[in-house]
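Chains as they are written, first to last, in the working numbering: chain A, 5 to 140; chain B, 5 to 140; chain C, 5 to 140; chain D, 5 to 140; chain E, 5 to 140; chain F, 5 to 140.
Read the hints as simulated data drawn from the structure, not as lab findings.
Small disclaimer: the values here were computed from a predicted structure and weren't measured.
Copies of one chain are not kept apart here, so a pair can be met inside one copy or by any two copies together.
Once the Cα atoms are required to be at most 20 Å apart in a straight line, the calculated PhoX-like pairs of lysine-lysine come out as:
(1) K112 x K6
(2) K121 x K69
(3) K6 x K138
(4) K69 x K37
(5) K30 x K69
(6) K138 x K121
One letter stands for each residue in the lines below.
There are 6 protein chains.
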Amino acid sequence: MKVTVSRKAHFNAAHRLYRKEWTDEKNELIFGKCNNANFHGHNYEVIVHVTGAVDPETGYVIDLKILSDYIYEEVEVPFDHKNLNLDVADFAELIPTAEHIAVVIWNKLRKRIEMDKQLEVVLYETPRNFVSYKGD
Amino acid sequence: MKVTVSRKAHFNAAHRLYRKEWTDEKNELIFGKCNNANFHGHNYEVIVHVTGAVDPETGYVIDLKILSDYIYEEVEVPFDHKNLNLDVADFAELIPTAEHIAVVIWNKLRKRIEMDKQLEVVLYETPRNFVSYKGD
Amino acid sequence: MKVTVSRKAHFNAAHRLYRKEWTDEKNELIFGKCNNANFHGHNYEVIVHVTGAVDPETGYVIDLKILSDYIYEEVEVPFDHKNLNLDVADFAELIPTAEHIAVVIWNKLRKRIEMDKQLEVVLYETPRNFVSYKGD
Amino acid sequence: MKVTVSRKAHFNAAHRLYRKEWTDEKNELIFGKCNNANFHGHNYEVIVHVTGAVDPETGYVIDLKILSDYIYEEVEVPFDHKNLNLDVADFAELIPTAEHIAVVIWNKLRKRIEMDKQLEVVLYETPRNFVSYKGD
Amino acid sequence: MKVTVSRKAHFNAAHRLYRKEWTDEKNELIFGKCNNANFHGHNYEVIVHVTGAVDPETGYVIDLKILSDYIYEEVEVPFDHKNLNLDVADFAELIPTAEHIAVVIWNKLRKRIEMDKQLEVVLYETPRNFVSYKGD
Amino acid sequence: MKVTVSRKAHFNAAHRLYRKEWTDEKNELIFGKCNNANFHGHNYEVIVHVTGAVDPETGYVIDLKILSDYIYEEVEVPFDHKNLNLDVADFAELIPTAEHIAVVIWNKLRKRIEMDKQLEVVLYETPRNFVSYKGD
Chain A
5 MKVTVSRKAH
15 FNAAHRLYRK
25 EWTDEKNELI
35 FGKCNNANFH
45 GHNYEVIVHV
55 TGAVDPETGY
65 VIDLKILSDY
75 IYEEVEVPFD
85 HKNLNLDVAD
95 FAELIPTAEH
105 IAVVIWNKLR
115 KRIEMDKQLE
125 VVLYETPRNF
135 VSYKGD
Chain B
5 MKVTVSRKAH
15 FNAAHRLYRK
25 EWTDEKNELI
35 FGKCNNANFH
45 GHNYEVIVHV
55 TGAVDPETGY
65 VIDLKILSDY
75 IYEEVEVPFD
85 HKNLNLDVAD
95 FAELIPTAEH
105 IAVVIWNKLR
115 KRIEMDKQLE
125 VVLYETPRNF
135 VSYKGD
Chain C
5 MKVTVSRKAH
15 FNAAHRLYRK
25 EWTDEKNELI
35 FGKCNNANFH
45 GHNYEVIVHV
55 TGAVDPETGY
65 VIDLKILSDY
75 IYEEVEVPFD
85 HKNLNLDVAD
95 FAELIPTAEH
105 IAVVIWNKLR
115 KRIEMDKQLE
125 VVLYETPRNF
135 VSYKGD
Chain D
5 MKVTVSRKAH
15 FNAAHRLYRK
25 EWTDEKNELI
35 FGKCNNANFH
45 GHNYEVIVHV
55 TGAVDPETGY
65 VIDLKILSDY
75 IYEEVEVPFD
85 HKNLNLDVAD
95 FAELIPTAEH
105 IAVVIWNKLR
115 KRIEMDKQLE
125 VVLYETPRNF
135 VSYKGD
Chain E
5 MKVTVSRKAH
15 FNAAHRLYRK
25 EWTDEKNELI
35 FGKCNNANFH
45 GHNYEVIVHV
55 TGAVDPETGY
65 VIDLKILSDY
75 IYEEVEVPFD
85 HKNLNLDVAD
95 FAELIPTAEH
105 IAVVIWNKLR
115 KRIEMDKQLE
125 VVLYETPRNF
135 VSYKGD
Chain F
5 MKVTVSRKAH
15 FNAAHRLYRK
25 EWTDEKNELI
35 FGKCNNANFH
45 GHNYEVIVHV
55 TGAVDPETGY
65 VIDLKILSDY
75 IYEEVEVPFD
85 HKNLNLDVAD
95 FAELIPTAEH
105 IAVVIWNKLR
115 KRIEMDKQLE
125 VVLYETPRNF
135 VSYKGD
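Chain A on its own, in the form it takes in the complex:
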């Protein structure tokens, strides 16, 4: 009996899409207004899905308080009210597109979740733009 348990959290951050090897013209062409040199920002919403067997004793796949603590430690503390490009080491050499942010969050949480459970991370950059990553 495998169930997926999901928890929603959020963080507010600044970022900029920019590739330092490229000219300003190419950055402007590819990233448009997301390339603004002084940054812009988002209220990111993150949904973490954990799939596994239901524990017959507790009726839980994973205690949501524990999952919530992992998200707090791995995502909210390092990312909330931060500049992803300047304040977060994971994006020192990695462009903080929604795709990359979701992969970084997945990698950080994967270390905390038992390997017999599957993990998926959904990241909303805005209510109309979002991405998801399952580790494939």
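Got chain A; can you put chains B, C, D, E and F on it based on the hints?
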């Protein structure tokens, strides 16, 4: 041509997470504030996904009025404005965690939906905590 | 320059609508399924609106962290994961209708907010049923 | 590293469910109030999911501005503020059920998205009724 | 002790903005794509606010089941799955703009709500466009 | 017959709360994590309410396309994908708190809306924190 058709419904219920074989201390440790002896409650949102072939005559996978009736009879009538622990026989011996509630709803609806169609039940306990079950 | 600052919070609670002076029949007639003897529950959403002058030094009407702390202490701690009828003294003699819950919250917060500021409390019992109170 | 990128859009349209080979009685029986001869309408929400490898140069699966343009050209221009039955050739011989609308949108977008990427279309007819199609 | 009680409902309808005294060119100029001759449609959301004294016996301003019945009879039955221009007599001579629909709903409900209570109607034509009317 | 017409829009921006006359310690004490030197950001949602008489010819208080254009020119173009502190002249000497942003938007729109109409601006900094300003 397989399409998934989805219908959202809701019910408001009280519940308590509690295992009678355990001491009060262990119940408190595992279930925390969800173990409150006098119950607490939620506006549960349930989304039922039915996947199957589109009928070439009607353009329907399943008539949403019929699916809606099944949800009303199997979920809303027995669960809405009820205490899941005290008023619902399914939870007499089963802790009403979100995981278990989703599995119970899935089992009840599975009997009503034709077997050539797949079924998934998503249950929101709060807007930030939710689970899903596909019968795996 | 008067601005309204608003903060949204939530709590999950059980309740029952019931007037002890009335017969069971009258309680059933007036309160219907909300009168279920074993309680039911809701994810209550509360929005607190504070209106006042903008402080020229800080650009704040009220620091939202402070307002958030007041809501935590006055609403979330006493109401969250509780049975409003049995666990909360404010409703020992007062039926916990949405109207009464909003008035109780307003009275509790009014003592914490400076009197040169106006206060309004909006309480969602469900996404489709809600009330508001301004102290009039 | 495969990521799903999603974009939400909307269009407002009138439609009617009706099969011309059937009698009025049969149309009424099968389609109920959706068969109203003078049409009714919806604010349709469409979510387009594109799954593929992340480009190591840009950090994108697909540029969301490009995906957004495809949705504008293939869905919003032909469907928004239109009568699906009378104004849209795709539904001249096809009943505009949510299932069929999702399949039509999927077929139109499939031609624009590179074949090494998977495509899924979710269509909300109302906040409570929605469908999805992945081309299976 | 005056409290506002609010109830949300919805209906799905087709409409067209068109003034028969005007030329096609003027209708097109003023109403743009809302003037499409074959109609378009919306999922209208309506919120009804009733403000009055809290009854000390029941703790209610108005029983939400009763308010809900009024909305069903006055709004949902006549407007849901209808063409506002062709099927609803109120709009035979009145252009069904959001403004006018809100005023019509307010007038219909005003007859049902006791005069010692204030009434406001909010009508969402889309999640981004909405109107409200209080009878002023 | 006065009706309020409302339009919702959004912009994504970076900002920082900081008063240059203050020490770093005082900025940290008052503004906490909102004072991060490298900025953070939000998906701001703005709702503009315009109240006035309904034009008997058009059934409009104000054409929503025109209101939408004003919001685009006065809010979206100057604020979207910008750093409010560094890129927007209005905040060169004014701390970009939600309160101040709402007042700035109100002042900009007030010049575009006819004076016989009332104006209110609601600004969501996050789904849980928002402000409103009516020009009082």
